[in-house]
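Residue numbers (the working numbering), protein chains in the order written: chain P, 1 to 72; chain W, 1 to 446; chain H, 1 to 325.
Check each hint, because a few of them may be wrong.
Said to hold, decoys possible - Quick list of the computed label-pair ranges, beta carbon to beta carbon:
| no. | chain 1 | residue 1 | chain 2 | residue 2 | range |
| --- | --- | --- | --- | --- | --- |
| 1 | W | Q280 | P | I45 | 50 to 56 Å |
| 2 | W | R231 | H | Q49 | 37 to 43 Å |
| 3 | H | G2 | W | I390 | 18 to 24 Å |
| 4 | H | E128 | W | F445 | 40 to 46 Å |
| 5 | H | Q235 | W | V178 | 43 to 49 Å |
| 6 | W | G428 | H | H174 | 33 to 39 Å |
| 7 | W | I69 | H | A116 | 35 to 41 Å |
| 8 | H | E128 | W | A77 | 39 to 45 Å |
| 9 | P | I45 | W | V372 | 18 to 24 Å |
| 10 | W | I390 | H | H174 | 45 to 51 Å |
As the list claims (entries may be wrong) - Below 30 Å or equal to it, Euclidean Cα-Cα: the simulated DSBU-like pairs (lysine-lysine) are:
| no. | chain 1 | residue 1 | chain 2 | residue 2 |
| --- | --- | --- | --- | --- |
| 11 | W | K67 | P | K35 |
| 12 | W | K216 | P | K35 |
| 13 | W | K379 | W | K42 |
| 14 | H | K92 | W | K439 |
| 15 | W | K446 | H | K268 |
| 16 | H | K304 | P | K35 |
| 17 | H | K250 | W | K439 |
| 18 | H | K250 | H | K234 |
| 19 | W | K446 | W | K379 |
| 20 | H | K50 | W | K67 |
| 21 | W | K216 | W | K124 |
| 22 | P | K35 | W | K184 |
| 23 | H | K30 | W | K439 |
| 24 | H | K92 | H | K268 |
| 25 | H | K129 | W | K446 |
| 26 | W | K67 | W | K216 |
| 27 | P | K35 | W | K446 |
Claimed, not checked - One-sided excerpt, in silico: chain W residues whose CB lies under 10 Å from chain P:
| no. | residue |
| --- | --- |
| 28 | K53 |
| 29 | V56 |
| 30 | G147 |
| 31 | N183 |
| 32 | A205 |
| 33 | G242 |
| 34 | S285 |
| 35 | V318 |
| 36 | R321 |
| 37 | E389 |
I should point out that these hints are in silico values taken from the structure, not numbers from a laboratory. Every residue, glycine too, gets a C-beta built ideally from N, C-alpha and C.
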Amino acid sequence: MIKTLLFSTFISLVLSACSLEPVQPWDRDLLAQQKMQLVADPLEIYLDEHTYFSKEASSGGQGVGGGGCGCN
Amino acid sequence: MQLKKKRQGPRNIRHQLAAATCGLLAGSSHASSLIASGDNWKIDSALLIYAEKDRVSLAEGVLSISKEIDDDEFINARIVTDVLTGSSPNGAVPSSTAQTFTNPSGNSTYTEAANSTPLNHTFKDLRNALNVEWDTPLSRSLRGTLGGNISREYDYLSTGISASLAQDINQRHTTLTVGLSVNKDTWDPVGGVPVGFAVMPTYPAKKALDGANADKTVKEILLGVTQIINRQTLMQINYSRGQGSGYLTDPYKILSVLENDGSGNLRSTNPYIYENRPDQRTYQSLYWKGVHQFPNENVLNLSYRYFWDDWGIQSHTVDLRYRFDFDGGHYLQPHLRYYQQGSADFYRQTLTDSEETTLSYASADYRLGEFVTQTIGLKYGFAFKNGAEINFRAEMITQKGKDRRADAVGLLQNQQLFPDNEAYLLQGGLSLDSDMLIKYIMRFFK
Amino acid sequence: MGLERRTDYFVGHFEAMASHCEVLIDTRDKNLAQEITHLAAAEVSRIEQKYSRYRDDNILHRINQGTAVQVDEETARLLNYAQQLYHLSEGKFDVTSGVLRRAWHFDGSDNIPSVARIDALLPLVGWEKIQRHHSQIQLTAGMEIDFGGIGKEYAADRAALAVSALIAGQSDAHARSTSALINLGGDLAVTGPRKNGNGWQVGVDSGAPVNSGAPINNSGAPLIPTQTADFSLKQGGVATSGDANRYLEKSGVRYGHVLDPRTGWPVKGAPAAVTVVAASCTDAGMLSTMALLHGPAAEDFLRKQEVPYWCQWHKDAMNRAATSD
């Protein structure tokens with residue numbers, strides 16, 4: 001039930017992208033900033049992922065690979 | 001697509017113009033941001049200290065070096081070293097009397113006091129890892145990445161490769177991503193790989209072994225869509241699927257076995273057995289992330305992940321970061337994370353004598369249990385005029401576990417089967433480029 | 001090339017880009033002033049030789065031949081910049097519009113080209129007609145790229161950056177606080193404030209009357225504060241765009257030399273001169289050029305940009321009242 005709800009939310013979010021205002025190349029100034037990147041600080045994200053990977057049963061979501069360790 | 005309303009009168013182009021000019025004049029030695037171009041390497045480094053209350057402590061150093069080797073083509077190498085010390089729960093539950101356990105090596109024993117969570121104290125580890133990545137444009141709108149990784153600890157080796165493609169469509173408003181990875185790991189545990197559900201023998205007897213080492217393979221695939229919503233907003237949705245096969249058990253973890261009478265007393269003979277997990281695991285996740293910049297230049301970063309697998313585990317993760325930018329290049333970024341996990345089907349905090357024979361799989365590893373982790377943190381950063389950056393981060397992580405009612409029988413009702421865990425995390429980071437590094441070193445030696 | 005000592009600073013002179021160029025250096029050290037002047041002159045000459053349309057041995061000439069050319073990083077950046085300006089100005093600023101000078105000769109006479117002549121050249125104008133792929137560019141036959149509109153300001157900024165680097169590398173702490181002002185015929189760029197913390201004094205030719213019929217030359221902004229509008233420049237740059245001396249006049253209608261690439265005809269009712277102060281000379285140059293391209297709406301545009309500016313209009317009221325297309 002929850003899964004269906006989540007799936008439909010995600011699909012509708014993606015579809016709604018078609019009705020969005022276009023952003024011209026010269027308007028991409030903000031999006032080019034480091035702090036606006038999906039992964040603004042790769043080291044911080046890597047360290048967090050590694051910490052939580054060894055304390056929790058869930059992993060990933062943002063990317064693939066990266067390697068494992070004996071901590072879990 | 002919505003039609004853009006025709007502008008009335010002139011608009012302010014100062015910022016776009018400044019951004020364009022910045023790109024034009026960036027080829028000078030006074031670039032305002034670090035560029036890994038020409039012979040210049042970009043260097044990111046971080047030092048992390050993680051310490052749990054009465055448990056594990058970790059010190060980790062990361063060094064990441066990037067270089068642009070051709071037009072928009074990069075290579076990156078990341079070296080990690082971590083040192084782990086302290087103690088970790090071995091899976092057994094506390095008892096009203098002291099308990100004695102045999103070390104994984106089988107050469108000594110350790111004792112846990114009454115009414116306290118049994119911890120394995122001889123937990124010391126040094127890990128080194130290397131990750132190399134090559135990132136290159138394949139065509140005007142297609143980008144490819146190839147990576148390899150290797151990680152080594154004294155009892156674990158992990159090697160893997162990964163590849164991904166990113167395709168821009170819709171006038172670069174949308175990016176489609178596909179990623180694949182394969183990791184082959186090997187356990188080489190101290191004292192060998194115990195047979196699943198074998199008893200922990202009383203010292204000096206040795207545990208029954210299923211070989212000196214065991215292999216594990218993990219394959220992952222990711223499908224993602226990144227979408228520019230407007231000039232200030234970006235979103236990403238990823239679906240991931242992973243498959244683990246081989247030895248997925250933790251060779252050091254045990255379970256307490258109780259008498260069948262519901263008293264909560266440990267079985268009189270051999271009350272501890274090694275855990276056993278299935279040799280297959282398929283897991284999936286749906287991940288959403290949004291980044292938005294407000295008119296005051298602050299940035300909100302929000303993500304949600306729903307994770308589920310065929311071991312019965314389900315989890316929700318919400319992560320929130322909000323960045324306040326101040327004049328002079330300083331910033332502050334509070335961080336909140338909420339994580340909720342449901343337990344695996346075969347998660348047990350204790351087993352009864354009869355369950356030992358009827359069940360195929362069981363594990364008391366708290367990481368497969370039912371718990372909530374809450375994190376609150378604050379990061380401070382400062383960007384120098386030449387583009388170098390320094391930052392500090394402090395976080396408090398609290399884990400609250402849920403005792404499994406079915407296992408809290410008899411006397412065990414007086415014990416805390418899943419104790420709370422508190423940890424703090426401190427991190428310091430420095431980013432600069434090789435030109436600066438050489439300059440500072442020369443100045444130091446002058 | 002020459003060096004003059006003033007009360008507490010030096011002035012280095014050189015000729016480049018068809019202008020009289022100066023470097024003002026806030027130091028008492030003659031050797032340093034000499035070094036800075038040489039460096040600035042070298043950098044400006046380098047850019048002039050690389051992007052001058054009058055040479056047949058540079059990359060610009062190769063590009064204008066119409067063959068596919070692999071360009072270097074600096075040229076790639078300039079082309080990217082030209083593209084961004086093309087879009088930012090909604091087509092009014094176009095580095096491919098140089099071919100129109102084959103029709104227009106602004107010598108103060110009344111030789112207005114025919115519509116047919118202009119129409120014949122228009123197919124050769126248009127940034128969107130260029131083929132670009134990564135660092136490769138190819139023009140269609142007959143097209144030309146002309147960096148004249150951004151060359152001088154870019155050279156001023158580049159010279160200032162080179163001089164900044166030279167100053168930063170000085171071993172003496174006092175020398176490291178030196179400041180320089182580059183003046184390329186009225187386009188200015190500074191490396192920073194002067195040693196006493198103040199800016200360089202700049203005067204803007206805002207009060208002098210515009211003289212029609214004056215000989216064609218590039219009037220620079222004088223550095224001695226002679227006019228009412230002078231200010232202190234601590235960082236960034238100043239640029240002036242104007243059509244004061246290059247124009248045609250026929251039947252009482254003035255045709256300034258700033259052409260609208262979309263029509264091939266001059267922008268009607270443009271101001272005589274616009275001076276802008278901005279974060280860099282290139283920025284200032286772009287804003288002043290774009291102001292001119294807005295014709296009578298120049299001051300509306302400048303007000304919107306939130307930068308210091310001076311706008312000078314022709315005494316000729318008829319042109320002032322003319323509406324733009």
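Hint by hint, here is what the structure shows:
For Q280/W paired with I45/P, a C-beta distance near 29 Å fails the hint of 50 to 56 Å. Separated by about 40 Å at the C-beta atoms, R231/W and Q49/H satisfy the suggested range of 37 to 43 Å. Taking the beta carbon of each, G2/H and I390/W are about 46 Å apart, not inside 18 to 24 Å as hinted. The hinted window of 40 to 46 Å between E128/H and F445/W is violated, with their beta carbons roughly 55 Å apart.
In this structure, Q235/H and V178/W meet the distance hint of 43 to 49 Å, their C-beta atoms being roughly 47 Å apart. Judged by the Cβ atoms, the range 33 to 39 Å given for G428/W and H174/H holds: they are separated by roughly 35 Å. Distance hint check for I69/W and A116/H: the Cβ-Cβ separation is about 53 Å, which falls outside the suggested range of 35 to 41 Å. Remark: the range hint 39 to 45 Å for E128/H to A77/W is upheld by a beta-carbon distance near 41 Å.
Between I45/P and V372/W the beta carbons are some 22 Å apart, a value that agrees with the proposed interval 18 to 24 Å. Roughly 29 Å separates the CB atoms of I390/W and H174/H, a value that falls outside the hinted 45 to 51 Å. Annotation: proposed proximity of K67/W to K35/P holds, straight-line Cα distance about 20 Å (limit 30 Å). Using a Cα cut-off of 30 Å, the hinted pair K216/W and K35/P is violated, with the two alpha carbons roughly 37 Å apart.
Proposed proximity of K379/W and K42/W is supported: the alpha carbons are some 22 Å apart, at most 30 Å. A hinted pair counts as satisfied when its Cα atoms are at most 30 Å apart, and K92/H with K439/W does not qualify at roughly 45 Å. Between K446/W and K268/H, the direct Cα distance comes to roughly 62 Å. Violation of the 30 Å bound is thereby established for this hinted pair. In summary, the hint linking K304/H to K35/P is supported, as the alpha carbons are separated by about 28 Å, within the 30 Å threshold.
Under the criterion of a C-alpha separation no larger than 30 Å, the hint pairing K250/H with K439/W is inconsistent with the structure, at around 63 Å. Between K250/H and K234/H the alpha-carbon distance is near 44 Å, which puts this suggested pair outside the 30 Å criterion. About 35 Å separates the Cα atoms of K446/W and K379/W, which puts this hinted pair outside 30 Å; it is violated. This hinted pair checks out: K50/H and K67/W have alpha carbons roughly 29 Å apart, not beyond 30 Å.
Only pairs whose Cα atoms come within 30 Å are accepted, and K216/W paired with K124/W is accepted, the gap being roughly 22 Å. With a CA separation close to 35 Å, the supplied pair K35/P and K184/W exceeds the 30 Å bound. Straight-line distance between C-alpha atoms of K30/H and K439/W comes to about 27 Å, which keeps the hinted pair within the 30 Å bound. Restraint check: the Cα-Cα separation between K92/H and K268/H comes to about 13 Å, which is no more than 30 Å; the hinted pair holds.
Only pairs whose Cα atoms come within 30 Å are accepted, and K129/H paired with K446/W is rejected, the gap being roughly 55 Å. This hinted pair does not check out: K67/W and K216/W have alpha carbons roughly 33 Å apart, beyond 30 Å. This hinted pair does not check out: K35/P and K446/W have alpha carbons roughly 36 Å apart, beyond 30 Å. Because the beta carbon of K53/W sits about 14 Å from the nearest beta carbon in chain P, more than 10 Å, this interface hint is broken.
Annotation: interface hint on V56/W holds; nearest CB of chain P at approximately 9 Å, less than 10 Å. For G147/W, the suggested interface contact is upheld, since its CB lies about 6 Å from the closest CB of chain P, less than 10 Å. A cut of 10 Å between beta carbons decides the hint on N183/W: the least distance to chain P is about 6 Å, and the hint holds. Contact between A205/W and chain P, as hinted, is not supported at the beta carbon level, the nearest pair being about 26 Å apart and thus beyond 10 Å.
A distance limit of 10 Å between C-beta atoms decides the matter here; for G242/W the minimum to chain P is near 7 Å, and the interface restraint holds. With its C-beta approaching chain P no nearer than about 5 Å, S285/W sits inside the 10 Å limit, and its interface hint holds. Interface hint at V318/W: violated, since its Cβ lies 12 Å from the closest Cβ of chain P, which is beyond the 10 Å cut-off. Interface restraint check for R321/W: the shortest CB-CB distance to chain P comes to about 8 Å, inside 10 Å, so the restraint holds.
Annotation: E389/W was flagged as interfacial toward chain P, and the flag holds, the nearest CB pair being 9 Å apart, inside 10 Å.
Hint check: violations occur at hints 1, 3, 4, 7, 10, 12, 14, 15, 17, 18, 19, 22, 25, 26, 27, 28, 32, 35; the rest are consistent with the structure.
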